[in-house]
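Given next are the chains, with one letter for each unit.
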Amino acid sequence: MNQQEPLWEVFIRSKQGLEHKHAGSLHAADAEMAIENARDVYTRRMEGVSIWVVESKYIHATNPDDSESLFDPANDKVYRHPTFYNLPDELKYM
Amino acid sequence: MDINYKNDLLGYTLLLADSSLIMGHRLSEWTGHGPMLEQDIAISNIALDLVGQARNFYQYATQISSSTSEKEITEDDLAYLRDANEFKNLLITELPNGDWAKTIGKVLFFSTWQFYLYQKLIYAPDKQIAAIAEKSLKEVTYHVKWSSEWVIRLGDGTQESKMRIEKAISELWPYTGEMFVPAAFESSLQNTFSIDFTSIKEDWNSKIKRVLEEATIEFPSEKIWMHQGGKVGKHTEHLGFILAEMQFMQRAYPGLEW
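Order-wise, the sequence lines are chains A and B.
Just so you know, we're using the working numbering here: the first sequence kicks off at 1 and counts up by one.
Just so you know, we're using the working numbering here: the second sequence kicks off at 1 and counts up by one.
FYI, nobody ran anything at the bench for these hints, they're computed from the structure.
Even for Gly, the Cβ is constructed at its ideal location relative to N, Cα and C.
Don't take each hint at face value.
[Said to hold, decoys possible] Restricting the straight-line Cα-Cα distance to at most 20 Å, the calculated cross-link-like pairs of lysine to aspartate or glutamate (DMTMM-like) are:
{"#": "1", "chain 1": "B", "residue 1": "Lys-138", "chain 2": "A", "residue 2": "Glu-47"}
{"#": "2", "chain 1": "B", "residue 1": "Lys-138", "chain 2": "A", "residue 2": "Glu-32"}
{"#": "3", "chain 1": "B", "residue 1": "Lys-145", "chain 2": "A", "residue 2": "Glu-32"}
{"#": "4", "chain 1": "B", "residue 1": "Lys-162", "chain 2": "A", "residue 2": "Glu-5"}
{"#": "5", "chain 1": "A", "residue 1": "Lys-57", "chain 2": "A", "residue 2": "Glu-5"}
{"#": "6", "chain 1": "B", "residue 1": "Lys-201", "chain 2": "B", "residue 2": "Glu-186"}
[Unchecked claim] Beta-carbon label-pair distances, calculated as ranges:
{"#": "7", "chain 1": "A", "residue 1": "Lys-57", "chain 2": "B", "residue 2": "Asp-99", "range": "27 to 35 Å"}
{"#": "8", "chain 1": "A", "residue 1": "Asp-65", "chain 2": "B", "residue 2": "Trp-258", "range": "47 to 55 Å"}
{"#": "9", "chain 1": "B", "residue 1": "Leu-137", "chain 2": "A", "residue 2": "Asp-30", "range": "20 to 28 Å"}
{"#": "10", "chain 1": "B", "residue 1": "Phe-219", "chain 2": "A", "residue 2": "Ser-56", "range": "33 to 41 Å"}
{"#": "11", "chain 1": "B", "residue 1": "Met-226", "chain 2": "A", "residue 2": "Ser-25", "range": "40 to 48 Å"}
So here's chain A without its partners, still in its complex pose (with noise of 0.2 Å):
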């Protein structure tokens, strides 16, 4: 049964105000059923307040031979990074 489904990606919110972040991926018929699904097997225990669902097919990832020259150039460029502010401690998930 499963080699017929195609497989989906599962994205989850874990509560408003929050980014989906991704949650792993299950096999379903369409998109109803996934969502379904991911209901049943990813928020049964309070995940989650909202789902996202889409085919593992349309998702284009890089190449991990690719990785140095798209990631290792930002190594030594501190300056991009906000850490000469002074954040107020009531503001979280910065």
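Since the structure of chain A is already known, use the hints to place chain B on it.
Same frame as chain A, but now just chain B:
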């Protein structure tokens, strides 16, 4: 509370409790055997919802019962120490799961009944019944949605899935009539609780009609002969086997706790 009313209320609470427990126990048999991991979890979740509803009703039943008799009873006594002829669950809940299509058909018929019934019960003058119905309604709404979509998927799917769901619907159909025929305790409560059996039946029929239509399955005749007896303790041969398995531990080791 008048004694007759109490007995009727106890009977009614047990009808709701037993139906949920037996349905939940049956569905839990799928755990580890679902057609795929995701559906295995889905049906186990539904089974757990139903056992949870049963517990709420049993706990209330012990309160009603302790106010009429001197003997204290617990929810475990009700679930694990009564015999088949004391169970009031609907017959459809005790039928074997069969294949996936049959189980799905059972969930659709049963959950749709719960859905329209609980929608009435949330207005019941009995605050406890109303509260349990309101809490359960959220779960049941999902069970109806989940099973409707599966019936549509199977009916409008492949030749084999259609054949299987059609067979399931026609086999289960004679067990649906019982839902709308009030037992004596229901008739006496009917006015206090203002449960209109005719209107629940109409709502149930039109919902099922819509689902079957979308699933391209013919709506079965309402005129055929219907089984009944569950509400008054007359069960199919299947209930005894369920109880034997479900009650074994409590009967072999009385008072056993996790």
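Between Lys-201 (chain B) and Glu-186 (chain B), does the CA-CA distance stay at or below 20 Å? Distance of about 15 Å is within 20 Å: holds.
Outcome of range test on Cβ distance (Met-226 (chain B), Ser-25 (chain A); 40 to 48 Å): holds (45 Å)
Hinted pair, alpha-carbon criterion (20 Å max): Lys-138 (chain B), Glu-32 (chain A). Please report holds or violated. Since the Cα atoms of Lys-138 (chain B) and Glu-32 (chain A) sit roughly 19 Å apart, the hinted pair holds (cutoff 20 Å).
So the hint says 33 to 41 Å: do the beta-carbon atoms of Phe-219 (chain B) and Ser-56 (chain A) match that? holds (39 Å)
Given hint Glu-5 (chain A) paired with Lys-162 (chain B) - CA-CA distance at most 20 Å: holds (18 Å)
Between Asp-65 (chain A) and Trp-258 (chain B), does the beta-carbon spacing fit 47 to 55 Å? This hint holds: roughly 53 Å between Cβ atoms.
So does Lys-57 (chain A) sit 27 to 35 Å from Asp-99 (chain B), Cβ to Cβ? Since Lys-57 (chain A) and Asp-99 (chain B) have Cβ atoms about 31 Å apart, the given range 27 to 35 Å holds.
Does Glu-32 (chain A) lie within 20 Å of Lys-145 (chain B) when you go C-alpha to C-alpha? holds (11 Å)
Leu-137 (chain B) and Asp-30 (chain A), beta-carbon distance inside 20 to 28 Å? holds (26 Å)
Proposed proximity, Glu-47 (chain A) with Lys-138 (chain B) (alpha carbon, max 20 Å): Holds, because 18 Å separates the two Cα atoms, which is no more than 20 Å.
Could you grab the alpha-carbon distance between Lys-57 (chain A) and Glu-5 (chain A) and see if it respects the 20 Å cut-off? holds (12 Å)
When the structure is compared with the earlier hints, no violation turns up for any of them.
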